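Novice: Chain order of the listed sequences is Z and B.
Per the working numbering, the very first residue in the first sequence carries number 1; after that it's consecutive.
Per the working numbering, the very first residue in the second sequence carries number 1; after that it's consecutive.
No lab work stands behind these hints, which were simulated from the structure alone.
Please read all numbers here as calculations on a predicted model, not as lab measurements.
Each computed BS3-like pair below joins lysine-lysine, with the alpha-carbon atoms no more than 25 Å apart:
(1) Lys91(Z) / Lys55(B)
(2) Lys91(Z) / Lys64(B)
(3) Lys41(B) / Lys91(Z)
Derived Cβ-Cβ restraints for the label pairs, each shown as a range:
(4) Pro86(B) / Glu56(Z): 41 to 47 Å
(5) Thr13(Z) / Asn70(B): 44 to 50 Å
(6) Pro7(Z) / Glu59(B): 23 to 29 Å
(7) Ser73(B) / Thr8(Z): 36 to 42 Å
Under 10 Å between C-beta atoms, here's a sample of chain B residues computed to sit facing chain Z:
(8) Gln6
(9) Gln38
(10) Lys42
(11) Leu44
(12) Met45
(13) Thr49
(14) Asn51
(15) Glu59
(16) Ile93
(17) Lys97
(18) Tyr108
(19) Thr109
(20) Phe110
(21) Gly113
(22) Arg115
Idealized CB from N, CA, C, for every residue including glycine.
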Amino acid sequence: GQNIDQPTEMTATEGAIVQINCTYQTSGFNGLFWYQQHAGEAPTFLSYNVLDGLEEKGRFSSFLSRSKGYSYLLLKELQMKDSASYLCAVKAGANNLFFGTGTRLTVIP
Amino acid sequence: GAVVSQHPSRVICKSGTSVKIECRSLDFQATTMFWYRQFPKKSLMLMATSNEGSKATYEQGVEKDKFLINHASLTLSTLTVTSAHPEDSSFYICSAKGRDRQGENYGYTFGSGTRLTVV
Numbered sequence: 001g002q003n004i005d006q007p008t009e010m011t012a013t014e015g016a017i018v019q020i021n022c023t024y025q026t027s028g029f030n031g032l033f034w035y036q037q038h039a040g041e042a043p044t045f046l047s048y049n050v051l052d053g054l055e056e057k058g059r060f061s062s063f064l065s066r067s068k069g070y071s072y073l074l075l076k077e078l079q080m081k082d083s084a085s086y087l088c089a090v091k092a093g094a095n096n097l098f099f100g101t102g103t104r105l106t107v108i109p
Numbered sequence: 001g002a003v004v005s006q007h008p009s010r011v012i013c014k015s016g017t018s019v020k021i022e023c024r025s026l027d028f029q030a031t032t033m034f035w036y037r038q039f040p041k042k043s044l045m046l047m048a049t050s051n052e053g054s055k056a057t058y059e060q061g062v063e064k065d066k067f068l069i070n071h072a073s074l075t076l077s078t079l080t081v082t083s084a085h086p087e088d089s090s091f092y093i094c095s096a097k098g099r100d101r102q103g104e105n106y107g108y109t110f111g112s113g114t115r116l117t118v119v
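Same shape as in the complex, but just chain Z (with noise of 0.2 Å):
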């Protein structure tokens, strides 16, 4: 089975940075994802990571470590538009995506 957990909420300021915490317990890791989704929309894709490490792109960074079953989203310079919810979603064998219970982020000034 699957076994995705995030924060259930966060809140931030306005221009600054701001990390989500992502663990999982899966069998046949393939991947992880992380969405950005703002309330009735569908999910937009942010970042994947398969390899240990930060991929960075823009204002948003993303980390994995496999061996720790851990990944976290970095989002700098917060923007009021930043505030939605935050999809951490793993890749399980082949074709699977099962996402974390999502974190909602509030921006404020």
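Could you slot chain B onto chain Z? The hints should help.
Specialist: The following block gives chain B in isolation, referenced to the frame of chain Z:
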């Protein structure tokens, strides 16, 4: 880029009726389609996975007779909620994985979601 068109975006139906949700892949072939369900303020829950031309594989606890999935072509998959009840009210999202005409693989592309309300 890859686009998945999902319709309808919103539907309200009476209890006991059936509702069909369509997902079409534009400009690429969706060899695999995933159907998710999302309750308010919760994450996506995988309901089933379907490969073109074969029967869908349902996750544990998902009733296959209630949630009928058809993936008859490489560009279209449908989810039919049969005999809908108020507890079926939810946000349903499809996600396609496939390849374009040049054989390039696409990652997971999500539809825009369907908000179903059963009254």
